[in-house]
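There are 2 protein chains.
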Amino acid sequence: MNIAPDLDSSQAEAVPERGKKDNSELTVYPEDYSLLTDLYQLTMAACYAGESLDERKACFELFVRRLPEGFGYLIAMGLAQALEYLEQFRFSSEQIAALQATGIFSEAPERFWSLLATGRFTGDVWAVQEGTAVFANEPLLRVEAPLWQAQIVETYLLNTINYQTLVATRAARLRDVAGPQATLLEFGTRRAFSPQASLWAARAALAAGLDATSNVLAALKLGRKPAGTMAHALVMALGAIHGSEGQAFAAFHHYFPGATLLIDTYDALAAARLLAYQLQAGEIELRGVRLDSGDLVALSREIRSILPGIPIFASGDLDEWEIARLQAEGACIDGYGLGTKLVTGSPVNGVYKLVEIEGIPVMKKSVGKETYPGRKQIFRRFYQNQMQADRLGLAAESPTDDCEQPLLQLVMKDGKRLQPPEPLEAMRERTAINVASLPSETRRLSEPQQPPVELSKELQALLQQMQIS
Amino acid sequence: MNIAPDLDSSQAEAVPERGKKDNSELTVYPEDYSLLTDLYQLTMAACYAGESLDERKACFELFVRRLPEGFGYLIAMGLAQALEYLEQFRFSSEQIAALQATGIFSEAPERFWSLLATGRFTGDVWAVQEGTAVFANEPLLRVEAPLWQAQIVETYLLNTINYQTLVATRAARLRDVAGPQATLLEFGTRRAFSPQASLWAARAALAAGLDATSNVLAALKLGRKPAGTMAHALVMALGAIHGSEGQAFAAFHHYFPGATLLIDTYDALAAARLLAYQLQAGEIELRGVRLDSGDLVALSREIRSILPGIPIFASGDLDEWEIARLQAEGACIDGYGLGTKLVTGSPVNGVYKLVEIEGIPVMKKSVGKETYPGRKQIFRRFYQNQMQADRLGLAAESPTDDCEQPLLQLVMKDGKRLQPPEPLEAMRERTAINVASLPSETRRLSEPQQPPVELSKELQALLQQMQIS
Chain A
1 MNIAPDLDSS
11 QAEAVPERGK
21 KDNSELTVYP
31 EDYSLLTDLY
41 QLTMAACYAG
51 ESLDERKACF
61 ELFVRRLPEG
71 FGYLIAMGLA
81 QALEYLEQFR
91 FSSEQIAALQ
101 ATGIFSEAPE
111 RFWSLLATGR
121 FTGDVWAVQE
131 GTAVFANEPL
141 LRVEAPLWQA
151 QIVETYLLNT
161 INYQTLVATR
171 AARLRDVAGP
181 QATLLEFGTR
191 RAFSPQASLW
201 AARAALAAGL
211 DATSNVLAAL
221 KLGRKPAGTM
231 AHALVMALGA
241 IHGSEGQAFA
251 AFHHYFPGAT
261 LLIDTYDALA
271 AARLLAYQLQ
281 AGEIELRGVR
291 LDSGDLVALS
301 REIRSILPGI
311 PIFASGDLDE
321 WEIARLQAEG
331 ACIDGYGLGT
341 KLVTGSPVNG
351 VYKLVEIEGI
361 PVMKKSVGKE
371 TYPGRKQIFR
381 RFYQNQMQAD
391 RLGLAAESPT
401 DDCEQPLLQL
411 VMKDGKRLQP
421 PEPLEAMRER
431 TAINVASLPS
441 ETRRLSEPQQ
451 PPVELSKELQ
461 ALLQQMQIS
Chain B
1001 MNIAPDLDSS
1011 QAEAVPERGK
1021 KDNSELTVYP
1031 EDYSLLTDLY
1041 QLTMAACYAG
1051 ESLDERKACF
1061 ELFVRRLPEG
1071 FGYLIAMGLA
1081 QALEYLEQFR
1091 FSSEQIAALQ
1101 ATGIFSEAPE
1111 RFWSLLATGR
1121 FTGDVWAVQE
1131 GTAVFANEPL
1141 LRVEAPLWQA
1151 QIVETYLLNT
1161 INYQTLVATR
1171 AARLRDVAGP
1181 QATLLEFGTR
1191 RAFSPQASLW
1201 AARAALAAGL
1211 DATSNVLAAL
1221 KLGRKPAGTM
1231 AHALVMALGA
1241 IHGSEGQAFA
1251 AFHHYFPGAT
1261 LLIDTYDALA
1271 AARLLAYQLQ
1281 AGEIELRGVR
1291 LDSGDLVALS
1301 REIRSILPGI
1311 PIFASGDLDE
1321 WEIARLQAEG
1331 ACIDGYGLGT
1341 KLVTGSPVNG
1351 VYKLVEIEGI
1361 PVMKKSVGKE
1371 TYPGRKQIFR
1381 RFYQNQMQAD
1391 RLGLAAESPT
1401 DDCEQPLLQL
1411 VMKDGKRLQP
1421 PEPLEAMRER
1431 TAINVASLPS
1441 ETRRLSEPQQ
1451 PPVELSKELQ
1461 ALLQQMQIS
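These protein sequences, in sequence, are chains A and B.
With our numbering, the residue at position 126 of the first sequence is 126, and numbering never jumps.
Just so we're on the same page, our numbering is the position in the second sequence counted from 1, plus 1000.
Any given hint could turn out to be false.
[Stated by the list, open to error] No farther apart than 35 Å at their CA atoms in a straight line, the calculated lysine-lysine pairs in the DSBU-like style are these:
| id | chain 1 | residue 1 | chain 2 | residue 2 |
| --- | --- | --- | --- | --- |
| 1 | A | LYS57 | B | LYS1341 |
| 2 | A | LYS341 | B | LYS1369 |
| 3 | B | LYS1341 | B | LYS1057 |
| 4 | A | LYS416 | B | LYS1057 |
Honestly, the hints are just simulated from the structure, not real lab data.
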């Protein structure tokens, strides 16, 4: 049987061409975003429209069922892009025509098409601020909107928040391990999963604790200076023509005086000795050297003795565990370039679940995928700036006392953002404060434990009532 | 020390605003792509320009040093986007002004700016066709171009080819394990690392063996019909209002007659029995049911007996190993939805290395990161359509006999593509033929072995000569 759900056997057939549809044209334009959704969101919306349920008030919450392995917390990130998407949510007549041409919607009610043609996102959004630490089963975001809108936006909201939360969490852990003085640079563009992923990764990394990105476009879009050193290719290309690594260094310094030099193309120690000689002779200035290979502990220690006072940068498949190991073994490294293991890997598996419809709390009961019913709020209890515990309660509940803070805030009302996007620095500061507030067993790399998250009495009562019914 | 390589201590300072630079505006437009590169590519290009080396003919090759863990082969993918990028490669006056405003290039030679202002990509590209199986140290692509151009394009080329090759390889393995009759659907959009990643993943997945994608935008851009079923939210929302799961199914079928139904929101077996009753009574048609949770082996077998002849689809964190396990344990599953484990995870770590400059072969000698010098060609030996071995030789070598095929072809000459982009079907067919040609120990999931890749005598001689020098 080679058939696909919801489609007749022609599912592999091409949809008739509508203008230029070259398979290489996979650029995403903001005006396309509303179609960047799973087909079932649209078929479900059509069904809601036909049943006159499309305007019913629905509440969906976005959360993770469990933290990624080896993580004790998540740093929420991606809200700005999520809200931007919601503000721009609309379907053009070309998009509607394209949907109609698929043939999938031939029995869809007329009301579905008028919803798409005139609809905007008109709902409210509650969310934790970017840079906030969250844990399993805690909503990062809640959408309260007419059912059809809240349904269609699921895919994009998960896409932006899942990925940026992953990168921000890693960046926060890297900063926590490396310490406040280390220079942490985002070098992941070549390994990021698409050009846009490299931009989002750079944003999330900078917002959660890294110092700079090598991605020129990302840096300029974010109003930051890009960072970088040099590659082996320069040493090889100039060396092949000019005759030596030293001449390649001199040429590079002519245009970028004092620039950090990559010294491991041939023999890092020999290169370091040459530079030490030139420094002593007053021939050069030097703001750093970079190592991209070899035994970083032994090499960095030798180079520190050859080039005292010169910052040493390391790169090459580094992550928080490797930085911890280098530190424990006494490496002399002042800065790290982070790439592959910052911007790729296993995702944050956020989900987006219906928790209430027309004021009626609902819950999913599938085996192993149960959800908590109702609109919820996270109440975080602090004592002397240290987080003690979270209480997951219903949105209508209040803090029990002044030590509890509700984390979800109203950030969009009737489809309009209530605040302009925050600067990166504000998110970075919030991330640092949040990480510093966590228990040490939550921050540690080895078998971290998430802090206690208890259910409020009201939520427990609702849960019990619904499990019985 | 909190300093960044190549920057003075102001690296964390904002670059002065140039018009609207809102941190939420991270859309990538094709006209931005030339700045989607690492800073060091531009500083190196400036250095080449200053040294009058920018026009020297450079050859870079893109390859992986080792296959990702658990993989016996890679399926090359992403060439169409790489060539599209090279054809559009240029810098606008706004981009040049933005670079100048960073202050990083204050000592850069005037020639650098004139290169950027007037330069295009004028080089040649050799590549294996999309859908071709490749192994460690084999070039997927070679750029032969003026040094400054070949250098700057590195980051983007790696970005597109690394990611699409990963997804295509996974898709090929999934198809190989699931068999030609299974329906394989790409459901990864919500977990993909940015909206653009979801489009590229859909393309690579369809080009390498999957049947359809749930991503509406991707499907329409690729000229395909999107696929999908329904979500638990529909059952919960309609159920909460209409009163039962069965009424939710009926409502959905009213607009999508016969559509595949998701039956595990509450009790999959009870739902299947209801549908069986309705089918026998002739009240409904049904093209499939989907399970997203629970014991898929036991459930699918029971459902097959309750609903004989109705296709059963499974989803939920599936990958090739899980499909193999389900098959081995006798699950009755006709189609699979693949998401997280298809579109995220550890990357393909392609690298892009200088192999020749002005006709002089070069190689990198860093410990553990050695490269093979010179412009190379892959000669693949076949016997009765089965791959026997690869011989990695120099580009100037010829096949030894008719059983050897050179895999790298000239695909771009003087900056112009030689062929229009291929249809997805051609790549999909090539992928299937390539996978079928591989030895069984290369295709197996458990400790796969890559086929023998030998170095030609000429390449060995060059390597030896350069290791001595």
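Hints and how they fare:
no.: 1; hint: A/LYS57 with B/LYS1341; result: holds, 34 Å
no.: 2; hint: A/LYS341 with B/LYS1369; result: holds, 18 Å
no.: 3; hint: B/LYS1341 with B/LYS1057; result: violated, 41 Å
no.: 4; hint: A/LYS416 with B/LYS1057; result: violated, 54 Å
In this structure, the earlier hints numbered 3, 4 are contradicted, and the remaining ones agree with it.
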